[in-house]
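Colleague: Residue numbers (this note's numbering): 6 to 754.
Among these hints, one or two may not hold up.
[Said to hold, decoys possible] With a Cα cut of at most 25 Å, we get these calculated BS3-like pairs of lysine-lysine:
#, residue 1, residue 2
1, 373, 356
2, 261, 295
3, 543, 409
4, 704, 356
5, 754, 478
6, 399, 540
7, 409, 503
8, 714, 633
9, 409, 343
10, 684, 754
11, 314, 281
12, 356, 256
13, 411, 548
14, 580, 478
15, 478, 373
16, 548, 503
[Said to hold, decoys possible] Quick list of simulated restraints, FRET-style, between CB atoms:
#, residue 1, residue 2, range
17, 544, 716, 24 to 34 Å
18, 144, 239, 43 to 53 Å
19, 64, 125, 16 to 26 Å
Quick caveat, the hints were computed from the structure, so don't treat them as lab data.
Note that the Cβ used here is the ideal one computed from N, Cα and C, for glycine as well.
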Amino acid sequence: MKFITRFLIPVCTLLAGLMCGACSDDDKQIEDLPEAPYLTVSETVFGDVGVDDVTLYTTVASSRTVTVRSSDEWCEAELLADTEKENLRLTVMANPDEKERTATVTVSAPECESVAITVTQAARTPEPFLTVSVTEFPEVGSAGEKLAATVTTNQSGVQVASSEKWCEVSYNPSVSKDNLALTVAANTGAQRTATVTVSVPACEPKQIVVTQLKKLDTGCDLLTFGITKSKNPALTGDLAFTFDKNARTLKAMYLKWIEGANPEMMIPTFTHNGEKVLVDGVPVVSGETKISLAEDVELEVVAESGDRKVYTVTLNCPQINTELAVLHMQPASEIVGKENYVDTRIELFDKTSGATGEGWWNTDENGKTIQMRGRGNSTWGLPKKPFRMKFPEKFSPIGLDHAKEKSWVLLSQDMDKSLIRTHIAFSYSRILYNRADNYHDDAAVLFTACSKYVNVYFTGTYYDSSTGRRERKDGDYLGVYQMSDQMERAPGRIEVDKLNEKSPTEDIEGGYIIETDLHEGNFYSALKRIKMSYKYPKDDECKPEQYEYITAFINRAEQALYASGYKDRENGWRKYFDEKTLADFIIIKELAGDLDGYTSTYMYKRRGVDKLFFGPIWDCDKGWNNDKRIPHPSYQPLSSLMIHAGFWMPSYVENDWFWRLWEDESFRAFVAKRWADKKAELLAVTNRILDEVPVDMAKAIEANFSVWKFYYQYSDEANMPARTYSEEIARIRTLTQQRAALLDKLFSK
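Based on the provided sequences and hints, a complete structural model is requested.
Modeller: Here is the structure:
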């Protein structure tokens, strides 16, 4: 902003006096002459004006109206009206800057040449100052570092010095940022401190404190680890872990029942050379902190240096591991046979992934015992015994909500060292006996038994047939069992028509469930003397008229099968046997290579349908070359159809039902077509089970064969397994592939 002042300067009195004294009549001409224009300024340069506020004066004279203008606000110009001398006042404000500055005041008048006044104000000399951007480096690593700070000053002659040789310092005045360099050497000892001093004349020195951490220990090794009874009183003893320090794995097995809530929570005792130990990022203190051992534990040992090592701790304890459901059975007395039930306290729960929490049973909580007895034919005499469970009310255990019934079974699979042969066969059944396919007759039941693996514990007296000894078990692990349905007429199971106690005459047609039963059958077919038993109604509940009806029906069916015109599609064997369920039964038994079909063949008859349907599938533990018996030496099981190799029909049954059926070339073609349609799906499910199940229950399998020998067969019917479990699984896979290729040929032959 420029400041302008206008003012008429009076004519000098001297000039006025001269003019007046000279006036006369003769001088009248001079008096009338116009006054000459002029403009003068007494002082036009003000140099080296001080830095503080100051007022300057100069004298302006002019015969015209004067105007003044300043180029800068900090220098104000003002004409004074009441004086002729020093009539221009210049007010100069204090200079806050460290730079010299100049303003120009212009004095102007009409018809006159302007006059410039120069005002130069000196620069303010600053106070001396010194700053550093950092006053401390508190945690310099033990390995040493290069550090930097910024020194700012308006003085020259910066001096830097370090109190310690291990912390070198240098200053570079040519740069404005990070101009102070500190080089910290590696530290091999304790924590140490150095002081760096920065100084300049006329300023207070500045200091930077450098603290270097001690050399951090890199140790992060787990030295010992255990679970002791003293810290975990519910255990029967200390747990010793096998420690592979190279692989960083620790493994232990505990096969006794652990009483109390949350048995998976245990207090470990360990030593290490690190700074701390973490589990899931949470510090763990030896002998104090509880951790869950239900799954493998990642134990992380962290060193002072930040280095770390992870150790995997595995406790194979079927009760707490989450692979399988768990059953603890405590019979009131020894279970000695298959006839008499024994009151049994149980605890049944399922904490596997995806479990709903439904179907748990705890006698201690609900006050209800269940009944248990032995089951099976030859399997009851094996060391690892199968059982039948009978709940006091209809019940769906551990999520098996397809049926709500009292009776359920525990299959021991003692002869099947893979533990999964029957499980695979059940999967075949679900594929072939599938209602959603709309393939089978509407009257077909199409039931497949469930398959739920369970870790079983036992408290009570137990007879081990392999040793011939009875022993008292106290919460001992009994092994992996397969929980499944009782083969019975019931909703959600073999749901044939119910025969009431007082059935009217027309109800006598069904339903019925029949099993070919080499061991306990009480009825022989009239022509071939095939031994059978009635599963529904039970033999001891079957009324005479019912017994007579179903016996006569089976005999008529057998007669039709062996009649000369048995291939006739209307009046031959198809009049009495359902072709589709029969074909699926044969495919399952043939792919499994199960010789034991005679003792595990179920059939049923529906009311109002004059046919025998085949199924459900049951008991394939001797499949996949696990049966050493050869009923017909001319037909070797690995190269023949099971139909010809025997299905283990007694020797007196020549040309049995299945032989006769296979002589019908149209039926062979029917089976071949069904096989071709379903082969890929059956092989795929086999591979999936062989891939997944051994992995999903790996700990349980290991525990099972810690109790029961793997490479051993008590039964004289079963073949020895492969040398190892993994080899046995590979053998089943190979046998399935070989069997499928064989069926491609034999079904089409």
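Colleague: Would you mind marking each hint as holding or not holding in the structure?
Modeller: Evaluation of the provided hints:
1. 373 x 356: holds, 22 Å
2. 261 x 295: At roughly 20 Å apart (the allowed maximum being 25 Å), residue 295 and residue 261 satisfy the hint.
3. 543 x 409: Status holds; Cα separation ~20 Å.
4. 704 x 356: holds, 15 Å
5. 754 x 478: violated, 55 Å
6. 399 x 540: holds, 20 Å
7. 409 x 503: holds, 17 Å
8. 714 x 633: Measuring from Cα to Cα gives roughly 19 Å; hence the hint holds.
9. 409 x 343: With a Cα-Cα distance of about 23 Å, the restraint between residue 409 and residue 343 holds, given a limit of 25 Å.
10. 684 x 754: It holds: about 17 Å lies between the C-alpha atoms, which stays within 25 Å.
11. 314 x 281: Judged against 25 Å, a Cα distance of about 11 Å means the pair holds.
12. 356 x 256: holds, 22 Å
13. 411 x 548: holds, 24 Å
14. 580 x 478: Judged against 25 Å, a Cα distance of about 55 Å means the pair is violated.
15. 478 x 373: Distance ~22 Å between residue 478 and residue 373 Cα, so the pair holds.
16. 548 x 503: Since the Cα atoms of residue 548 and residue 503 sit roughly 14 Å apart, the hinted pair holds (cutoff 25 Å).
17. 544 x 716: 24 to 34 Å: This hint is violated: roughly 40 Å between Cβ atoms.
18. 144 x 239: 43 to 53 Å: holds, 46 Å
19. 64 x 125: 16 to 26 Å: holds, 20 Å
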